[in-house]
Amino acid sequence: MIAKPAIPDVLREPGPGIGKPLSRVDGPLKVTGQARYAAEFNVPGLVHGYIVSSTITKGRITRIDTAAALRRPGVLHVFTHENRPHVAWFDRKWKDEDAPSGSPFRPLYDDRIVHAMQPVALVVAETFEAAREGARLVQVEYEAEPHETDLAARRHEAFTPGKEKGGFEPPPKPRGDPDRALAEAAVKVDVEYVQPTEHHNPMEMHGSTVVYNDDGTLTVHDKTQGAPNSHSWVCSVFGLSKSAVRVISPFVGGAFGSGLRPQHQLFMAVMAALQLKRSVRVELSRPQMFTFGHRPPTIQRVALGAAPDGTLQAMIHEAVQESSQFENYVEIVVNWSGQQYRCDNVRLDYKLARLDVFTPLDMRAPGAATGVPAIEMAMDELAHALRMDPVELRLRNYTDRDPNQDKPFSSKELRACFAQGAERFGWSRRNPQPRSMREGRQLIGWGVASGVWDAMQGQADARATLGIDGHLVVASATADIGTGTYTVMSQIAAGTLGLPIGNVTFKLGDSALPMAPIEGGSWTVSSVGSAVLAACERVRGRLYKLAAKMEGAPLGKAKPADMVLTDGHVALAADPARRVPIAEVMRSGGVLAIEEEARSVPYYVKRAQHTLATHSAVFAEVRVDEDLGTVQVSRIVSAVAAGRIINPKTAGSQVMGGVVMGIGMALEEETFMDHGLGRYMNHDLAEYHVPVNADIGSIDVIFVDEHDEVVNPLGAKGVGEIGIVGVPAAIANAVFHATGVRVRELPITLDKVLAGLSRRSAA
Amino acid sequence: MAEAEFSTLVEVSLRVNGERVSRRVEARRHLIDFLRLDLGLTGSHAGCEHGVCGACTVRVDGEIVRGCLTLAAQLDGADVWTIEGLSDTGEVRDLQQAFVARNALQCGYCTPGMLATCADLLERSPAPSRAEIREHISGNYCRCTGYEAIIDAVETVAAARRAATGQVAIGQATIGETAE
Amino acid sequence: MRAFSYSRAESVADALKGVVGHGETKVVAGGTNLLDLMKADVMRPTRLVDITRLPLNRIEETAEGGLRLGALVTNADTAHDERVRSRYPMLSRAILAGASAQLRNMATNGGNLLQRTRCYYFYDTGTPCNKREPGSGCGAIGGVNRIHAILGASEHCIATHPSDMCVALAALAAEIRVTGPRGERTIPFEAFHRLPGDAPQIDTNLAPDEIVTAIDLPARGFAAHSTYLKVRDRQSYAFALVSVAAALEIEDGKVTAARLALGGVAHKPWRDQAAEEALVGRPADAGSFAVAAEAVLRDARGFGHNDFKIDLARRAILRALQDAAASETP
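Chains as they are written, first to last, in the working numbering: chain H, 1 to 763; chain L, 1 to 180; chain F, 1 to 330.
With the rest of the complex left out, here is chain H:
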């Protein structure tokens, strides 16, 4: 049963549990190795597939010889574009929930090669090693065509995209006359920033285990951020009925966006299982983890003009970003600049350049982690030019209304973030002069930047079932990619029904459960949490009605409005000592279980009248070796305003993880390409550097109180993205403060620092 929940006018009081730093409920399974990931479901007769990747970047396959592979013991079949089973033809059949406009990539569809290491065959064998060996033996001949993979080479042929993707807003129209205002400004900066390709690299490689059931149906264990997304895509691509496929994904070994779209392994495993009528597992290798989507490289120009007192008079932020030849991947990059600061003359511009690469893919804080660092580095450059404290400059141009849309924020405690973050960090002791702090051969620098991310919400369903034993089962097809979904949903449910957390089981990651959108964009607490709240409220309403009908009970003639749920009892709000156990209420009403399903929909009207966003102020301390150019981040303080925090422990961990990914973005992460070959060259974990433990100093997370009645009934905005956004610029700004060297091309590796130091000493 699906019903719209009653939307309250005032924010509900948090129940017991909500807001508490509960330990994650899935922790015990994970620390004992019992949590099972997609490639860990072993079934009798399972066979293994291994993907063959193209050696060229663009062109066509002229010949595929599979004979040598098929001769190897254990090899069962080799799938290629020449012998693959029938799949859907229309582009729309290949679209998934996160697809941008264009023509989605179709594995093994035809002889065309459109990007490096494109899957060109699948070898299926009795064992994993036999499949991998077979894959080495597939002989492929190509006719190569010229390719272009260098954004710099195509930046001047870029085009302005439309609204190519859900959640994307093109930049607002220009305001005032930014070029003239810039020309006339007393103080200005006009600089270019370059950011590289990055890959998600979750610890678990993408895998799918497709169990071929006796009745011909498929049970698919997939690594995904949305079991329903994988489910509908598989049904659509292979022309299967919804009931013929079930997708299960209870545990996901990290994703950061990599699981937002169905990936190659899912197609391959399903295709092979259907054709061979056997259970099949396909896992991507780590190099193949670099073949299906990435944070796109971006070139940005930021020009700022200000009056001597720091008042912004001109802002120009232009970005050119990579997309593929076949889809228009877009993300909001420049809009944040116009939203964060008050300025009358603004031009924001965003363009795409087509390159012979795979389509980019949302990666943690897509767009914001790219665009916000650019404006925040430029603001630091402006502050230096103005001889002004960088926090003061930001506060000088602070805005309580979104200038892009001329709307109020639903809530915005960024000022408090700056204040509390600065206090914790000790910012007031900062000497504004670069190179003013040192310890031996180490130069020490302090930097600051702000962060911002949208507080989004989607439509979601949840079902709550309360048994007479007092155990509550809540279910929704959402995902927990490590974020804490199991835990916070259990908390919301327990809080709403006044139950101990141990009485609640939350089920997710199953396409058979009530619908939920893909888990991403920090909207899961908002979307699914609201549905859980609504479903549990309906259960509560049923309990109250049953309690009201009880005769001679301690509740007397109380009406539902007079009741509360606490500690497993229905009690009188005015006198909680007068109470009845839930089990007794249900028994007297003659029910063994109460089941309710609810759909939560965003507060469309209220939301449309506001801009909804999370904010952060990030303070960083770096130590730069003056001789060797190495940078270490010794301290980060991140003060975050994200509405109500359901669980400070899991939320704090999310922000810390974002901080470390931000350190990676600032100093280490970069997938570099040999443009001659059109191929990523450091496609493994040894040479694609992510931060290791020794790279990390102390990280301090502050959640600033923020009350929001617009965002959703929980007042929670979500924290998955905000942790990363402010970090790269805070570090880059700290590196400048330490050394006097501006590195405008991320990551800030030692060679760039040394080059700057050498230029500086030469000058």
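One should not assume that every hint holds.
[What the hints assert, rightly or not] Residues on chain L that point at chain H, a partial pick, calculated with CB under 8 Å: (1) E5; (2) V21; (3) R23; (4) I83; (5) G90; (6) N103; (7) C110; (8) P112; (9) T156.
[Said to hold, decoys possible] Ranges between beta-carbon positions, derived for each pair: (10) P432/H with D299/F: 53 to 59 Å; (11) A224/F with R124/L: 24 to 30 Å; (12) R161/L with P432/H: 45 to 51 Å; (13) R301/F with D61/L: 22 to 28 Å; (14) D299/F with A163/L: 56 to 62 Å; (15) R161/L with V43/H: 38 to 44 Å; (16) A224/F with A144/H: 58 to 64 Å; (17) R44/F with E143/H: 26 to 32 Å; (18) R124/L with S634/H: 24 to 30 Å; (19) D299/F with H156/H: 54 to 60 Å.
No lab work stands behind these hints, which were simulated from the structure alone. Glycine is no exception: its CB is placed at the ideal position from the N, C-alpha and C atoms.
Given chain H, work out where chains L and F should sit, using these hints.
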């Protein structure tokens, strides 16, 4: 050594989590696949198959190793411990509890390998500094947690273990102390 | 990976019999590099001889007052050995600067010598590489070469040797003991690894039918004044962009003996004896060290992305020699 001694199939007999296991394995079977596929011990994970990420860390003959760069064939007579066995014996229970209490895990994929490495560190160095902890577990990637909570958890356990055994830390060394 | 057959050797003689005359046979011990390369299809031996049970797993005193490190002693046990730590602190430090705890537990001293390059093109079979496939060209020249060689490279290969341990061994002037069908022999460390020349597929002067049995460390360990400095893209657990093993003997402020070897800059650990000799008799100060750095790098040449390594190496040499001069006890 005669030609015949070379074989693509190898008999191995070893102990896994205290139990004797005898199997005939392909010479190219890696320890991590032997554990996960042949023995169903899926608590050890594969994250790169390249010896880098540490998700496959298991204990062999008392030392932590990479399961993805070890051949099962090489382990005849070896004593192998995985997270399943370490959990059953209770040897790492305090670390497991501290990991949960501190939220030193999110997706959990790196966690079994991380626990094996942390246990190894505490065995060698009962009072490690935060820098020593960071260095020792830098061969275990975690992409989710931000590492900080992992360090906190290890420090907590190290202190608790020292308290329990009546040891106090002086600098980096430890000395025993009588209870009185 | 491709199927292969396996044999476990119980003695050195056994192992040699297994290797003799079989070009596609490889010896495996810790396996940390070989198995990785086999998975990547870069190396394709058809037979593996497992030598982990051979009695080459001890560290012993030599008659000359040095130490003999068995080929099968793990890197971890070597680094933590009390004799190594006290008499050869530079070596211990170099080993611990490399890889991770797990890998050091597995990797053996012999295997460390035989590590192959980490060049991207060598690892990716979809690209050209003269080391992997002679005659196919060098992808790194004109390609992505940030981590590549600045010294001793050839037009055929600009790969670097990835070891940290070997840089310290080069500076210590260790000797490699090998055995084969023609008997035992000793190879001076500097003659063990090769420059790429026109045969970059051959990394070392170890014959295909020989195995390494031990590494001999001379008595002179430079314990008072030595260091190993590793400069890399992360604080831990990354290959060296540049590393320096620096060792000095100093009397009355003057250098009486010097050793200087670099990692991450060439196809082999790069020791420069001329630069070492030039230091002798000079004051142990920054001026002398700068002259030595210039001498080491006089023929250095970059390939684009790695141009920075020349300046970095100069800075690292200077820093390492200063640290070595300042260090008193390990």
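Do the hints match the structure? See the list:
1. E5: Cβ of E5/L sits 21 Å from chain H, so the hint is violated.
2. V21: Hint on V21/L: violated, closest Cβ of chain H at ~16 Å, above 8 Å.
3. R23: With a closest approach of 14 Å, the R23/L hint is violated.
4. I83: 4 Å, holds
5. G90: Violated - the Cβ of G90/L stays beyond 8 Å from chain H, reaching only about 11 Å at its closest.
6. N103: 4 Å, holds
7. C110: Holds. Min distance 5 Å.
8. P112: 5 Å, holds
9. T156: Constraint on T156/L not satisfied, violated at 14 Å.
10. P432/H with D299/F: 53 to 59 Å: This hint is violated: roughly 45 Å between Cβ atoms.
11. A224/F with R124/L: 24 to 30 Å: For A224/F and R124/L the Cβ distance comes to about 28 Å; the hint holds.
12. R161/L with P432/H: 45 to 51 Å: Between R161/L and P432/H, where Cβ atoms are some 47 Å apart, the hint holds.
13. R301/F with D61/L: 22 to 28 Å: Violated: the Cβ-Cβ distance is about 47 Å, outside 22 to 28 Å.
14. D299/F with A163/L: 56 to 62 Å: With a Cβ separation near 60 Å, D299/F and A163/L satisfy 56 to 62 Å, so the hint holds.
15. R161/L with V43/H: 38 to 44 Å: Holds, at about 41 Å.
16. A224/F with A144/H: 58 to 64 Å: Given range 58 to 64 Å: holds, Cβ gap about 60 Å.
17. R44/F with E143/H: 26 to 32 Å: The hint (26 to 32 Å, Cβ to Cβ) holds, given that R44/F and E143/H are roughly 28 Å apart.
18. R124/L with S634/H: 24 to 30 Å: Between R124/L and S634/H, where Cβ atoms are some 26 Å apart, the hint holds.
19. D299/F with H156/H: 54 to 60 Å: At 41 Å between Cβs, range violated.
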